[in-house]
Amino acid sequence: MDNIAIKTQNLVKHFGKGDTLVEVINDATFEIKKGELVALIAPSGAGKTTLLMMIGCVLTPTSGQIWLGEEKVYDNKWLTKEKRRIRREKIGFIFQAHYLIPFLNVIENVTLIPQINGVSLKEAKKEALELLDYFGIKDKANEMPANLSGGQNQRVAIARALANKPEIILADEPTAALDSKRSVDVVKMLKKIAIEQSVAVIMVTHDEAMVPLCDRVLTIKDKKVYNLSIDEYKNKTVV
Amino acid sequence: MINLAYKDVSHALGKFVVTSMGVGMLLGIVMIMIGVYRGMVIDAQVLINDINADIWVVQENTLGPFAQSSRVHTDLKDSIKAIDGVDKSANLTFQNIQMPINGTDERAFVVGYDPFGEINPINPKTIIKGRAILKEHYEIVTTDKLGYKLNEKIALGRHEYRVVGITHGTVSSGGDPLVFLSLKDAQELQFSYSNFRIRSDRERGIKSSAQQLVNCAVATLKSGYNPQMVAKEIQKYKHKSVYTQSQEKEILTKNLIKMASKQIGMFTVILIIVSTIIIALIIYTMTLEKIKEIAIMKLLGVPNSLIIKMIAQETLLMGILAFFFGLIFSHLIYTKFPKRVVLQNPDAIMLFIIVIVASIIASLIGIKKVISANPAEAIGG
Ligand SMILES: Nc1ncnc2c1ncn2[C@@H]1O[C@H](COP(=O)(O)OP(=O)(O)OP(=O)(O)O)[C@@H](O)[C@H]1O
Ligand SMILES: [Mg+2]
Numbered sequence: 000m001d002n003i004a005i006k007t008q009n010l011v012k013h014f015g016k017g018d019t020l021v022e023v024i025n026d027a028t029f030e031i032k033k034g035e036l037v038a039l040i041a042p043s044g045a046g047k048t049t050l051l052m053m054i055g056c057v058l059t060p061t062s063g064q065i066w067l068g069e070e071k072v073y074d075n076k077w078l079t080k081e082k083r084r085i086r087r088e089k090i091g092f093i094f095q096a097h098y099l100i101p102f103l104n105v106i107e108n109v110t111l112i113p114q115i116n117g118v119s120l121k122e123a124k125k126e127a128l129e130l131l132d133y134f135g136i137k138d139k140a141n142e143m144p145a146n147l148s149g150g151q152n153q154r155v156a157i158a159r160a161l162a163n164k165p166e167i168i169l170a171d172e173p174t175a176a177l178d179s180k181r182s183v184d185v186v187k188m189l190k191k192i193a194i195e196q197s198v199a200v201i202m203v204t205h206d207e208a209m210v211p212l213c214d215r216v217l218t219i220k221d222k223k224v225y226n227l228s229i230d231e232y233k234n235k236t237v238v
Numbered sequence: 044m045i046n047l048a049y050k051d052v053s054h055a056l057g058k059f060v061v062t063s064m065g066v067g068m069l070l071g072i073v074m075i076m077i078g079v080y081r082g083m084v085i086d087a088q089v090l091i092n093d094i095n096a097d098i099w100v101v102q103e104n105t106l107g108p109f110a111q112s113s114r115v116h117t118d119l120k121d122s123i124k125a126i127d128g129v130d131k132s133a134n135l136t137f138q139n140i141q142m143p144i145n146g147t148d149e150r151a152f153v154v155g156y157d158p159f160g161e162i163n164p165i166n167p168k169t170i171i172k173g174r175a176i177l178k179e180h181y182e183i184v185t186t187d188k189l190g191y192k193l194n195e196k197i198a199l200g201r202h203e204y205r206v207v208g209i210t211h212g213t214v215s216s217g218g219d220p221l222v223f224l225s226l227k228d229a230q231e232l233q234f235s236y237s238n239f240r241i242r243s244d245r246e247r248g249i250k251s252s253a254q255q256l257v258n259c260a261v262a263t264l265k266s267g268y269n270p271q272m273v274a275k276e277i278q279k280y281k282h283k284s285v286y287t288q289s290q291e292k293e294i295l296t297k298n299l300i301k302m303a304s305k306q307i308g309m310f311t312v313i314l315i316i317v318s319t320i321i322i323a324l325i326i327y328t329m330t331l332e333k334i335k336e337i338a339i340m341k342l343l344g345v346p347n348s349l350i351i352k353m354i355a356q357e358t359l360l361m362g363i364l365a366f367f368f369g370l371i372f373s374h375l376i377y378t379k380f381p382k383r384v385v386l387q388n389p390d391a392i393m394l395f396i397i398v399i400v401a402s403i404i405a406s407l408i409g410i411k412k413v414i415s416a417n418p419a420e421a422i423g424g
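Quick note, the sequences are listed as chains A and B, same order. The working numbering applies: residue 0 is where the first sequence begins, and numbers increase by one. The working numbering applies: residue 44 is where the second sequence begins, and numbers increase by one.
Simulated from the structure, these hints should not be mistaken for lab results. Note that beta-carbon positions come from the ideal geometry of N, C-alpha and C, so glycine has one too. Heads up, a few of these hints could be off.
[Claimed, not checked] Label pairs and their computed distance ranges (CB to CB):
(1) B:ILE320 - A:VAL183: 35 to 43 angstroms
(2) B:ILE321 - A:GLY149: 32 to 40 angstroms
(3) A:THR59 - B:PRO346: 14 to 22 angstroms
(4) B:THR328 - A:GLY149: 50 to 58 angstroms
(5) B:VAL385 - A:GLY149: 53 to 61 angstroms
(6) B:GLU332 - A:VAL183: 35 to 43 angstroms
(7) B:GLU332 - A:LYS80: 22 to 30 angstroms
(8) A:THR59 - B:ILE320: 35 to 43 angstroms
(9) A:ASP18 - B:PRO346: 36 to 44 angstroms
(10) B:ILE313 - A:ALA176: 48 to 56 angstroms
(11) B:LEU324 - A:ASN2: 52 to 60 angstroms
(12) B:THR328 - A:VAL183: 41 to 49 angstroms
[What the hints assert, rightly or not] Using 27 angstroms as the maximum straight-line C-alpha spacing, the simulated BS3-like pairs for lysine-lysine come out as follows:
(13) A:LYS76 - B:LYS412
(14) A:LYS82 - A:LYS223
(15) A:LYS80 - B:LYS412
(16) B:LYS335 - A:LYS89
(17) B:LYS131 - A:LYS125
(18) A:LYS89 - B:LYS352
(19) A:LYS16 - A:LYS223
(20) A:LYS76 - B:LYS411
(21) B:LYS412 - A:LYS82
(22) B:LYS352 - A:LYS82
(23) A:LYS82 - B:LYS335
(24) B:LYS50 - A:LYS164
(25) A:LYS164 - B:LYS335
(26) B:LYS335 - A:LYS80
(27) A:LYS6 - A:LYS223
(28) B:LYS50 - A:LYS124
Bound-form chain A, shown alone:
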């Protein structure tokens, strides 16, 4: 149990009710270990974002259970009032768009959550600069997001997701806006972070070429979530 970062049990998510009922996920039961990079691959509308947002304590499941590390956070209801504390302390979010705060410059965007978590400004800045250096955009630290290219902003967004030293990174199509070379770089980097910091990473992708870089594959078929090894996924043995 020690090395489990994410665990779900019979997780269900329906939207609406009656005539407008949309069943998106009827059963998600899986475990993801620390240090694993997991690809989440499924057709559009299958419920990938929905699943990610439930794990991220953003979207409330219909029923089921969720553990993040040792902490059980959901058991047919949220077990904590401080979902936002869990998000800012345990989770790093990356999206297809960068979603940087437009009125904060690069380094302020990256240090915002660590500062709220109680890290001193000096320490937060030092770590943020290291991250920005790692992504080759240290010289942009004092720029506003509006003055950066899409790729640069996406790297800032990834740096932001890492800045709070999360246990879990939830990445919703982080490479969709990048060219294939950069995409491979980002995925490799996520893999490196997963290993080095024993972070569990779930990465939504439509790009089959990324699969070999990952440890496992989550997929959704007929509203059920499957957790497969790379081989199982390639041979389509289960699904």
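The hints should help you fit chain B with the ligands onto chain A, whose structure is shown.
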């Protein structure tokens, strides 16, 4: 800890300042409006204060001489002097006329007084050039607002008058600029304006009684006498309406300018309400404009307290900035108004409180909306 309000405002500083300036101008106009109201009330009493008589004696059963027309005989001034307690007395005339200025006519209010009498209605402090009237005829003192120069000749009625003095800040109870004439000139102007009028009166067999009529008599009291008691005494013997100075002021504020001040007062109240709504709307939309960024912050785990602090600080900053712009704006333009505008600190403070309360309420509504926003929607679409 990073200050989000500071960051947000400095990121869009121009827009923030321009918006505050716009709101500030609105507030400035509200301040001017309140000032116009205050000015009216003050104007109403300027003349009475300058005359500074304890007792006003007017035609029986009238609220004269300002709120209602009044005529009394010139000998009234002498007969009231016989009343115990009366120190000095004088006859006065009041009337509105049109003054010819640069080919157009300007409305003015004429005060006629006896330059050799006991009570001089011109407050010496108000004379900025020249002197008061010293001759029986054909001299005039005008207020600076009318734009006449010293020694200029002005044609009124059948005669020409020479400007011998210029006063500042002298207005009638209605805010019209004042001119002073000798009692005799003023009587003639009031009661026999033109040669034609005099001829037609003669033809009708009307003997001119002009020189025997004035609009009121005023009196000052010897020290130790109660104006109310003396007023009663005069009323008893002379069959006139008699008012003390404070009663006369009350007649003016309560009767004469009541409607006008109510009108301005109502307009001011409406203006305050409208600007409050506009400020509230601006602050509300300013908050909602940021709903996307706020949803992202919530998604990342930024606590509500920080978001509320940001909105509250921006709101207060806008309120304060707008108020000071308003203050500057109103002080820049208030002297340009033709009638008296009086900007008073308590009014400004009251307006400031209204603005801040309105801003806070508006931001609370905005905050409520923002706080209930779904963070999942931040990444939707
Ligand atoms: N708030 C909502 N109300 C109703 N239905 C919703 C809501 N959010 C998502 N859905 C539905 O749930 C399903 C899954 O949506 P989701 O966004 O998770 O798909 P996805 O796998 O991420 O797709 P994509 O690859 O296009 O991003 C879709 O059919 C969508 O219409
Ligand atoms: Mg999606």
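If you test the structure against every hint from before, which numbers come out violated?
1, 4, 17
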